[in-house]
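Trainee: The lines below spell out each chain.
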Amino acid sequence: MASPQSTFISVERPEQGIVVLAPNTDIDMSRSPDLRAILRQEMSGDAHKVVVDLDEVQYMDSSGLATLVEAMRNAGGTSLKLVICNMNPKVSAIFEIARLDSFFSIVNSRDEAISL
Amino acid sequence: MDQRPEIELRLTSDPMYLCGARELVGCIARRIGFDDMDCSKIALAVDEALSNIIRHGYERAFDKPIWLGLSPIKPSSDSIGGIVITIEDEAKQVEPCNMKGRDLEDIKPGGLGVHIIQEVMDKVSYEKRSPIGMRLVMTKLAPRPGELPRLSDKAPSCKVTLNDRSPSRR
Chain F
1 MASPQSTFIS VERPEQGIVV LAPNTDIDMS RSPDLRAILR QEMSGDAHKV VVDLDEVQYM
61 DSSGLATLVE AMRNAGGTSL KLVICNMNPK VSAIFEIARL DSFFSIVNSR DEAISL
Chain H
117 MDQRPEIELR LTSDPMYLCG ARELVGCIAR RIGFDDMDCS KIALAVDEAL SNIIRHGYER
177 AFDKPIWLGL SPIKPSSDSI GGIVITIEDE AKQVEPCNMK GRDLEDIKPG GLGVHIIQEV
237 MDKVSYEKRS PIGMRLVMTK LAPRPGELPR LSDKAPSCKV TLNDRSPSRR
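For the record, the sequence lines run as chains F and H. Going by the numbering used here, the first sequence opens with residue 1, and the numbers climb by one from there. Going by the numbering used here, the second sequence opens with residue 117, and the numbers climb by one from there.
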């Protein structure tokens with residue numbers, strides 16, 4: 001299934017049923033609609049796990065956080081797993097400020113996210 | 117506010133300019149002496165305030181004016197220094213006391229901006245401008261030497277301004 005076009009989010013399929021979304025820029029109000037569209041697209045496909053790799057994301061605001069909350073809620077009650085990895089301390093801070101750090105599955109590396 | 121900010125930026129309410137505002141704020145905060153994490157959080161608070169204006173105040177109209185003002189608080193015998201950030205708009209007015217963060221126990225997308233601003237900044241004040249628009253004044257104090265990073269739990273102050281004494285910007 002083709003993903004919506006985005007120049008700042010790469011979509012990789014390292015294994016059958018696993019999709020890795022890797023944004024390569026800040027996620028703010030101008031970028032989160034693209035992330036939301038791709039998450040919705042990939043989560044409605046045949047993947048059983050969607051990994052959001054934030055390794056190249058230096059900054060995220062609450063619109064990015066809201067996008068991930070929405071995705072996590074959409075995954076709830078299904079067999080689909082949403083895992084976030086490679087979060088830098090500045091991005092991690094907003095999860096802590098919003099007290100959402102325990103709401104998500106967050107791991108350190110992409111390998112760990114894929115094997116989880 | 118009686119004094120004009122030392123740095124003023126007028127931007128249009130287009131989300132594509134949020135990155136520029138963050139860069140400016142982060143850069144000035146760093147020069148004032150905040151560490152990287154505080155700079156990032158201060159830029160986050162500004163981003164959230166601007167996003168709220170675009171999303172709610174201007175209802176996603178991307179061609180409206182927003183003014184961002186920055187003033188350092190110089191260290192003195194009474195103060196450890198810091199930064200005052202002023203954000204003004206011509207958007208629809210809301211009662212300042214209604215600008216509250218939502219209950220975080222209710223996990224849902226959206227509505228986190230005001231909570232983040234209050235959590236990051238030491239003092240937050242919303243005012244009505246005259247005749248239209250809102251003014252947000254946020255203060256972040258520099259940490260004292262040896263002080264651990266803190267999250268503010270201060271409630272926002274509420275003030276309604278009936279007479280805007282700042283020079284007209286229109």
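It is possible that some hints are incorrect.
Derived, one-sided and incomplete: chain H residues facing chain F with beta-carbon distance under 8 Å [what the hints assert, rightly or not]:
#, residue
1, 120
2, 126
3, 135
4, 137
5, 164
6, 170
7, 232
Rather than coming from a laboratory, the hints here were simulated on the basis of the structure. Heads up, the beta-carbon is just placed ideally off N, CA and C, and yes, glycines get one too.
Trainee: Are the hints correct? Go through all of them and say.
Mentor: Each hint, compared with the structure:
{"no.": "1", "hint": "120", "result": "28 Å, violated"}
{"no.": "2", "hint": "126", "result": "19 Å, violated"}
{"no.": "3", "hint": "135", "result": "6 Å, holds"}
{"no.": "4", "hint": "137", "result": "10 Å, violated"}
{"no.": "5", "hint": "164", "result": "6 Å, holds"}
{"no.": "6", "hint": "170", "result": "7 Å, holds"}
{"no.": "7", "hint": "232", "result": "6 Å, holds"}
In summary, the numbered hints that this structure violates are 1, 2, 4.
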